[in-house]
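K.L.:
Full structure from sequences and hints, please.
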Amino acid sequence: MGLCSPQGRVPCSRCQRHRDADGGTGGLQTPCGGGQGLRRGGGQAGQRCVTPMLTHSAHHPAGARVGIPLVPLAAAPTLCPPDDAMDGGAQQSGLREPPGVGSTEQEGDAGEGPPATDLRRSQPLFIQGSSRLPAEEEPRASSLPCIPNPFPELCSPSNSPILSSLPQGPPREGTCHLVKVFSEDGSCRSLEVSAGTTARQLCEMLVQRTHALHDHSWALVELHQHLALERCLEDHESVVEVQSAWPLGADSRFVFRKNFAKYELFKSNASLFPEVMVSSCLEANKSMAHSELIQNFLNSGSCPEVQGFLQLREAGRKVWKRFYFSLRRSGLYYSTKGTSKDPRHLQYFADLTESNIYYVTQGKKHYGTPTEFGFCIKPYKVRSGTKGLKLLCSEDEQSRTCWMAAFRLFKYGMQLYRNYQQAQARLSQPPWIGPTALRSVSDNALVAMDFSGCTGRVIENPSEVLTAALEEAQAWRKKTTHRYSLPAACQTSPLSAAIHRTQPWFHGRISREDTQQLIGRQGLVDGVFLVRESQRNPKGFVLSLCHLQKVKHYLILPSEEEGQLYFTMDDGQTRFADLIQLVEFHQINRGILPCKLRHYCTCVAL
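Just so you know, we're using the UniProt record's numbering here: the sequence shown kicks off at 1 and counts up by one.
Misleading hints may appear alongside valid ones.
As the list claims (entries may be wrong) - Pair by pair, the computed Cβ-Cβ distance ranges are: (1) 418 with 590: 31 to 37 angstroms; (2) 362 with 605: 21 to 27 angstroms; (3) 580 with 396: 34 to 40 angstroms; (4) 580 with 209: 23 to 29 angstroms; (5) 321 with 382: 37 to 43 angstroms; (6) 508 with 557: 16 to 22 angstroms.
Unchecked claim - Calculated lysine-lysine pairs in the DSSO-like style (CA-CA distance at most 30 angstroms, straight line): (7) 390 with 180; (8) 365 with 387; (9) 381 with 364; (10) 381 with 180; (11) 552 with 411; (12) 267 with 552; (13) 267 with 539; (14) 381 with 318; (15) 390 with 365; (16) 341 with 318; (17) 337 with 411; (18) 341 with 365.
If you're looking for bench data, these hints aren't it; they were derived computationally from the structure.
No residue lacks a Cβ here, since even glycine has one placed at the ideal position from N, Cα and C.
P.N.:
Right, here's the structure in full:
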């Protein structure tokens, strides 16, 4: 049998991977653990460690144990026996002994071996019973050659199509994110924002950079073109969180545009919630008027109970069915039996607190809606595709507007009213940025002067300054009237004929359908208008105006009398020198229109 070296640096035949823990001064501290016939090290130098012997029970008599002697390193075989070859003498071994070496070496002869220094040149090699390499001999990843990865995009979490489809965590605070915003004319601008940037803050940045008129009607719209869905972000919503929920590769974007109907529910609430849709609330509060009841709901940040008929698209089918829906404090329900409100007939439909509500822009084309007044409830867990979308369709625009306003109040509550109050407070503040007024040098140098006498004087009295300004304005109007009374050759100059093209409410030659879509996107509010060129009359213009959530069109015709050109909408009864005068008149007076001109549709280029 083989000997174990007294030095800890040379392993024995079975404990090759074990080292002496005390630096070679003692025996082996860990047993070999190789099978039968083992003896633990005693801690003294030169003590033996008996190794197990392989037996050939099939070729030798019973009780005769044939051992495999220790072989020098140079003559050691390179084969590794199977694991069952080291289990003891009861099993067979498929290894042959090396030629020229005795096969019946006695155990007593093992003590007359060469000294330890000679064993270093011909160390005994133990044939491992497992095909696995020792721990020291296992190849490490750091020792492998550095081979460039031919597919780095499959290992990058940000670009991997598999990893990117997984739900992403909330954006970390303090990090910058890139947000791309489009305008209605197709131009875009990329902005670097922080994780906590809200929709209102981003709109203020865009207003400042585009030099647009600052008001609370600017909004950021989330648009999913592949689903034909869009919604206006609330002022307090985080832009980065909304963008992180978009699926990878989807045609989703932010659009910067006007939305005059964003806070209209706090201004004309009586017309927004018809009595027929809030009849249950009126029955419970008979002593209160309709407008007073709705105002109490809005001031408290709660939503009135709304009910009415809606068209519902069945899941997985293209069939639309008419159900009676009811919005209560616990959620949205529909009745399975007519207009019954019995709890047995009410079926829970959707959780609005865990969903977003979208307008359906092209419902008949994408979803086959019965009317064009569709909307969609999209749960947060639905990231892509139409599966999981809950599509609804109302009978008219007034009904859809009422449902959408009720959904917003149900989901955001008092936060929506606080957003409105903050928007109103911003309107009362000066348009400049900063706590104090930032006036330029030229503004500080402007003073009111009186040049009526021989020499000019500075007007210090504020009331006198206002009187001088009114007199100057009156004198300017007289000069303008005199200009329009000049001969016809001067009236038809290109400058005077095209002065209206510089106005933000003039949109040139756009079709009637595009006009209705543009006014609808910017809010179906009374008084929203634009002026465009007429498609039927080459010399005429059209004033498109929204009233009672419907867009009406009024033809403006040019006329000439006694060599003077003017514009009219009522066959010459009311005449205007140009389109600017016509618009300014109807912003103050209703005239033949159903309402005054309040908001003009405009598009800014980013």
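K.L.:
Against each hint, give a clear statement of whether it holds in the structure.
P.N.:
Okay, the hints, checked on the actual structure:
1. 418 with 590: 31 to 37 angstroms: holds (34 angstroms)
2. 362 with 605: 21 to 27 angstroms: For residue 362 and residue 605 the Cβ distance comes to about 25 angstroms; the hint holds.
3. 580 with 396: 34 to 40 angstroms: Given a distance of about 36 angstroms, which is inside 34 to 40 angstroms, the answer is holds.
4. 580 with 209: 23 to 29 angstroms: With Cβ atoms ~28 angstroms apart, the hint holds.
5. 321 with 382: 37 to 43 angstroms: The hinted range 37 to 43 angstroms is violated for residue 321 and residue 382, with Cβ atoms some 22 angstroms apart.
6. 508 with 557: 16 to 22 angstroms: holds (18 angstroms)
7. 390 with 180: holds (28 angstroms)
8. 365 with 387: Given pair residue 365, residue 387 holds - Cα atoms ~17 angstroms apart, limit 30 angstroms.
9. 381 with 364: holds (25 angstroms)
10. 381 with 180: Within the cut-off at roughly 24 angstroms; holds.
11. 552 with 411: Violated, because 34 angstroms separates the two Cα atoms, which is more than 30 angstroms.
12. 267 with 552: holds (22 angstroms)
13. 267 with 539: violated (39 angstroms)
14. 381 with 318: holds (23 angstroms)
15. 390 with 365: Holds, at roughly 17 angstroms.
16. 341 with 318: holds (27 angstroms)
17. 337 with 411: Holds: residue 337 and residue 411 sit about 27 angstroms apart, inside 30 angstroms.
18. 341 with 365: Violated. Residue 341 to residue 365 sits at ~34 angstroms, over the 30 angstroms cutoff.
The structure shown violates the earlier hints numbered 5, 11, 13 and 18.
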